[in-house]
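Peer 1: Now for the letters of each chain:
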Amino acid sequence: MAKMTLEQLRKLREEKKRDIERRETEGKEIRIIVGMGTCGIAAGARVAFDAILAAVERHGIGADVVIAQTGCMGLCHVEPTVEVIVPGMPDTIYGRVDAATATKIVDRHVVARALVNEHIYDRPAADIIRN
Amino acid sequence: MHRDFGDYVLDVVQNAVEAGARNIGLRIVEADGRVEVLVGDDGRGMDRDEISRALDPFHTDGTKHSKRKVGLGLPFMVQAVEAAGGTWGVESEKGKGTTVRFGFPLDHPDAPPVGDLPGLVLSLMAFEGGYELEVSRTRDLPGKSRLEWSACRSELAEAAGGLRDAESLALAKAFLESQEAG
Chain A
1 MAKMTLEQLR KLREEKKRDI ERRETEGKEI RIIVGMGTCG IAAGARVAFD AILAAVERHG
61 IGADVVIAQT GCMGLCHVEP TVEVIVPGMP DTIYGRVDAA TATKIVDRHV VARALVNEHI
121 YDRPAADIIR N
Chain B
132 MHRDFGDYVL DVVQNAVEAG ARNIGLRIVE ADGRVEVLVG DDGRGMDRDE ISRALDPFHT
192 DGTKHSKRKV GLGLPFMVQA VEAAGGTWGV ESEKGKGTTV RFGFPLDHPD APPVGDLPGL
252 VLSLMAFEGG YELEVSRTRD LPGKSRLEWS ACRSELAEAA GGLRDAESLA LAKAFLESQE
312 AG
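Here the protein sequences line up with chains A and B, keeping their order.
Under the working numbering, the first residue of the first sequence is numbered 1, with each subsequent residue one higher.
Under the working numbering, the first residue of the second sequence is numbered 132, with each subsequent residue one higher.
Isolated chain A, as found in the complex (with noise of 0.2 Å):
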């Protein structure tokens, strides 16, 4: 494989944007983070963060589906967490996303628009909330 140039980066980009209609409308995107402190990398974050990223592009709606990166969400004991935001929907917090429960929840929640019940977690680990 040839090293790829920035500027055939570009045009691959815009190759892709002629198929696929944008919606950048502000505050109706979908958004995809990834808790990726010490304890969501210790845990396989990165594998989850695979995962969600190649799952978005199975389903062809890689331009309408924003995937982000953040620290520590407070949920230490079920990471790899994930939040998941999606207009009409309630802001979710997954936790213990591996791989297999990343395409899950892509394919249910974000696809489906049906939560994943048995991963969502709300509360913040008990150090953290203890008095």
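You may find that some hints are simply not true.
Straight-line Cα separation of at most 25 Å, BS3-like style, residue types lysine-lysine; simulated pairs [what the hints assert, rightly or not]:
| # | chain 1 | residue 1 | chain 2 | residue 2 |
| --- | --- | --- | --- | --- |
| 1 | A | K17 | A | K3 |
| 2 | B | K304 | A | K16 |
| 3 | A | K104 | B | K304 |
| 4 | B | K304 | A | K17 |
| 5 | B | K275 | A | K3 |
| 6 | A | K3 | A | K16 |
| 7 | A | K11 | B | K304 |
| 8 | B | K304 | A | K3 |
Computed far set for chain A versus chain B, every beta-carbon distance over 10 Å [what the hints assert, rightly or not]:
| # | residue |
| --- | --- |
| 9 | R46 |
| 10 | H77 |
| 11 | V78 |
| 12 | V86 |
| 13 | P87 |
| 14 | M89 |
| 15 | D91 |
| 16 | G95 |
| 17 | A99 |
| 18 | T101 |
| 19 | T103 |
| 20 | R108 |
| 21 | V116 |
| 22 | E118 |
| 23 | I120 |
Quick list of simulated restraints, FRET-style, between CB atoms [as the list claims (entries may be wrong)]:
| # | chain 1 | residue 1 | chain 2 | residue 2 | range |
| --- | --- | --- | --- | --- | --- |
| 24 | B | G151 | A | I85 | 30 to 38 Å |
| 25 | A | L6 | B | G260 | 19 to 27 Å |
| 26 | B | Q210 | A | H77 | 19 to 27 Å |
If you're looking for bench data, these hints aren't it; they were derived computationally from the structure.
Beta carbons are placed, not taken as given, at the ideal position from N, Cα and C, and that holds for glycine.
Let chain A serve as the given structure and place chain B on it in line with the hints.
Peer 2: Chain B in isolation, oriented as in the chain A frame:
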């Protein structure tokens, strides 16, 4: 525990992003049977006492989670590097920034695998915020040739269309994979 070399690099760069760095430089060199990393940032920096506390696994600065009593990022790196017969160092100046370096021999039985470098670099560029990240990569290849490439977050974002949406990230990943493949 972290699994591969990239996990330690990611952790250090995440620290830099969280320390408010606007500019982060990363150098990864694989040569002469060793891998060496240097991460420099212009974040808030630490004084001597803060550096020593950052190396204590049972300390965190409490900025993010005030009751938390563990901070494992740098301690993990130190433990892994020392187990693999490597070296490390942290230099920092309050208000100026921090430089973290570490390296180890690749053939040490306890050396973590290098892992997916293009995937790592993509991840380093995918944190939220407007920081700049310049990556410089060197790797000795079999024979006498040497692979060298560099990537800059703002340039890659401009060319790939933002580095926000999945499509842009996938394009950037293909670009980075082609650099590492030579």
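Peer 1: Given a hint of 30 to 38 Å, does the C-beta separation of G151 of chain B and I85 of chain A actually sit inside it?
Peer 2: 24 Å, violated
Peer 1: Taking the closest pair, is the beta carbon of A99 of chain A still more than 10 Å from chain B?
Peer 2: The assertion about A99 of chain A holds, with a minimum of 13 Å to chain B.
Peer 1: Far enough from chain B: is every CB of that chain over 10 Å from the CB of T101 of chain A?
Peer 2: 18 Å, holds
Peer 1: When you look at the beta carbon of I120 of chain A, is every beta carbon of chain B farther off than 10 Å?
Peer 2: Holds: least Cβ distance 21 Å, greater than 10 Å.
Peer 1: Under the criterion that the straight-line Cα-Cα distance not exceed 25 Å, is the pair K3 of chain A, K16 of chain A satisfied?
Peer 2: 20 Å, holds
Peer 1: Verify this label for me: V78 of chain A is non-interface relative to chain B, using a Cβ-Cβ cutoff of 10 Å.
Peer 2: It holds; V78 of chain A is separated from chain B by about 15 Å at its closest Cβ, greater than 10 Å.
Peer 1: Honestly, do L6 of chain A and G260 of chain B meet the 19 to 27 Å range at C-beta?
Peer 2: 22 Å, holds
Peer 1: Please settle this one: P87 of chain A was flagged as non-interface, so is its CB more than 10 Å from every CB on chain B?
Peer 2: 15 Å, holds
Peer 1: Within a Cα-Cα threshold of 25 Å, do K275 of chain B and K3 of chain A meet the stated pairing?
Peer 2: 19 Å, holds
Peer 1: Straight-line Cα separation of K304 of chain B and K17 of chain A no greater than 25 Å?
Peer 2: 17 Å, holds
Peer 1: So the hint says 19 to 27 Å: do the beta-carbon atoms of Q210 of chain B and H77 of chain A match that?
Peer 2: 21 Å, holds
Peer 1: Is the Cβ of M89 of chain A more than 10 Å away from each Cβ in chain B?
Peer 2: 18 Å, holds
Violated hints, listed in ascending order, are 9, 24; each of the other numbered hints is respected by the structure.
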